[in-house]
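First to last, the protein sequences are chains D and L. Quick note on numbering: the first sequence equals residues 1 to 260 in the working numbering. Quick note on numbering: the second sequence equals residues 1001 to 1274 in the working numbering.
Keep in mind that the hints were calculated from the coordinates and are not lab data. There's no promise every hint is true.
[Unchecked claim] What follows is a set of in silico ranges between Cβ atoms, one per label pair, in the way DEER data are often shown:
no.	chain 1	residue 1	chain 2	residue 2	range
1	L	R1105	D	G29	19 to 29 Å
2	L	K1048	D	R159	55 to 65 Å
3	L	L1256	D	F27	47 to 57 Å
4	D	F27	L	L1116	24 to 34 Å
[Claimed, not checked] Covered stretches of chain D, going by a simulated chain L footprint (3 or more residues, C-beta under 8 Å):
no.	segment
5	87-94
6	103-117
7	166-180
[Claimed, not checked] Derived, one-sided and incomplete: chain L residues facing chain D with beta-carbon distance under 8 Å:
no.	residue
8	P1174
9	A1177
10	T1179
11	A1183
12	A1190
13	T1191
14	A1192
Computed from a predicted structure; not experimentally measured. Heads up, the beta-carbon is just placed ideally off N, CA and C, and yes, glycines get one too.
The chain contents come next:
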Amino acid sequence: MALDIAAKAETAVQPADLSVSGLSKSFGGAAPIFSDIGFEVARGASVALVGANGTGKSTLLRCCLGLIPADSGRVELLGTETARLGARARRALRARTGMVAQRHNLVPRLSVLSNVLHGLLGRGSGPRYWTHMLAPAEARDAAMAALAKVGLAHLATRRADGLSGGQSQRVAIARALVCQPRFLIADEPTASLDPAAGEEVMALFFKLVRSEGVTVIFTSHNVDHALGYGDRVLGLAGGRLAIDAPAGELTKRDLGALYA
Amino acid sequence: MPELMQRRTEPRGPARIERPSALAFLAYALAAIALVWAFDGAGWSAEKLASSGPRLADFMSRAWPPSFDALDRLGLKMVETLQIAIAGAALGIVLSLPVALLAARGVLAGRFVNWLTRTALGFIRAVPDLAWALVFVVAVGLGPFAGMLAILMDTLGFCARFFADDMENVDPGPAEALTATGARKIDIAATAIIPAAMPAFISTSLYGLEKAVRSSTILGLVGAGGIGMELKVGFDLFDYPTAMTVILMIAVVVVLVEQLGAVLRRRIIGTEGR
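Next comes chain D alone, as it looks inside the complex (with noise of 0.2 Å):
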């Protein structure tokens, strides 16, 4: 069966930015959405999350960023087990990572330089970084540097809710980026783009995440996405991580299975 790919991913020779072992996680007491969930990202790495829709692609992530519990299993993120924080503690962990998201997820009404300034609160507070407006001389500059790398600094004083859905991605990877994360996550980023755009964004998330230097686990059930931006890819079927392989070993058709 394809889904059974016993091949494992060469041993790292980076350490590992991320380290699973044991996972499992339901919803209301319900069967475990997934179970016994492990794996590692290398630092620098780039792994797709692979799985058809409710096996649970999204829920993993965010269980890796401690955004929601898991049931049980340990999660080391960047030399730490998110499970044994304090909030202080787990707010600067957040601060050395970022997430992309299938929805851009700004907040609309505010201008397209202050939702970059935003994700610089993990490493400022208050009221100087609420709005580009107060902000300090140097998130401004971070801020308008990052526009500047997704190619939109000429919209920096723009309502969020005046782009185009390509343009609000890349102000979100720029958001996601601005603060210089080690790690990042993005869930399914050009999901809600057309295709055109969707391959323009990812283009660009890579190209910048990549020269930066910068950890990635991503999803997507774009397989060519999968196999092209991937070192290594996940692949999710029953509750089970059924495919932990590089891509380089993968085709088409072994990914294909998993939707079967």
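Place chain L on chain D using the hints.
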């Protein structure tokens, strides 16, 4: 005829009127009993209703035309009424925001503080504005300041509750994205939750202001300032033409404020609904 035969072979539709279950029947019967009980307690009288027409006509004949002799004084009292409403509502709206932050689940505070704050807001709302006015007349004396404080409490109970509901109902996506970057709860509230809830806040605030104007017109009945006192005096002295003038002034001002609120809601947030 063959068509009819064919039709009979098709599956029957549901019954036009479904027979209620025993529990539903009991609920209907209890509701009917409660309604009769309420009308009885409220002194429902068809005879009184029938005989009220001539009395109302008599009042109208004595009140019409309205008297404009005291229009200067009444105008000043109406201005004072609006001042009470605007000041009380403004302060109530401003205070509603921090209270709502404590009342909204999943924003700043834990569940116990959410519950405690919502219970306190429920108490504030349960006390009618006239009762608050009586309390503040005792506390700060007769006059518009007592009225303003009464409006403040009334607005706080109304706006803080709805602000909290509005914050709980915003799209959680932006807040999650900022949580993932290590932002504090207060920063997330200020940058993701409050801006997203702002259109609803504005709409709620405008309703709060309209409500404050309506309430402030009768606070004078208990000595808490505004034009309500003139209404009471008019009726007490059987000066019905002046009382009629006051009633018409109140109606015009309340309708104007409601119209203004509708226009502002359309202009600012593009909707008239809350």
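Hints, one by one, checked against the model:
| no. | hint | result |
| --- | --- | --- |
| 1 | L:R1105 with D:G29: 19 to 29 Å | holds, 21 Å |
| 2 | L:K1048 with D:R159: 55 to 65 Å | holds, 60 Å |
| 3 | L:L1256 with D:F27: 47 to 57 Å | holds, 52 Å |
| 4 | D:F27 with L:L1116: 24 to 34 Å | holds, 29 Å |
| 5 | 87-94 | holds (count 5) |
| 6 | 103-117 | holds (count 8) |
| 7 | 166-180 | holds (count 4) |
| 8 | P1174 | holds, 5 Å |
| 9 | A1177 | holds, 4 Å |
| 10 | T1179 | holds, 6 Å |
| 11 | A1183 | holds, 4 Å |
| 12 | A1190 | holds, 5 Å |
| 13 | T1191 | holds, 5 Å |
| 14 | A1192 | holds, 6 Å |
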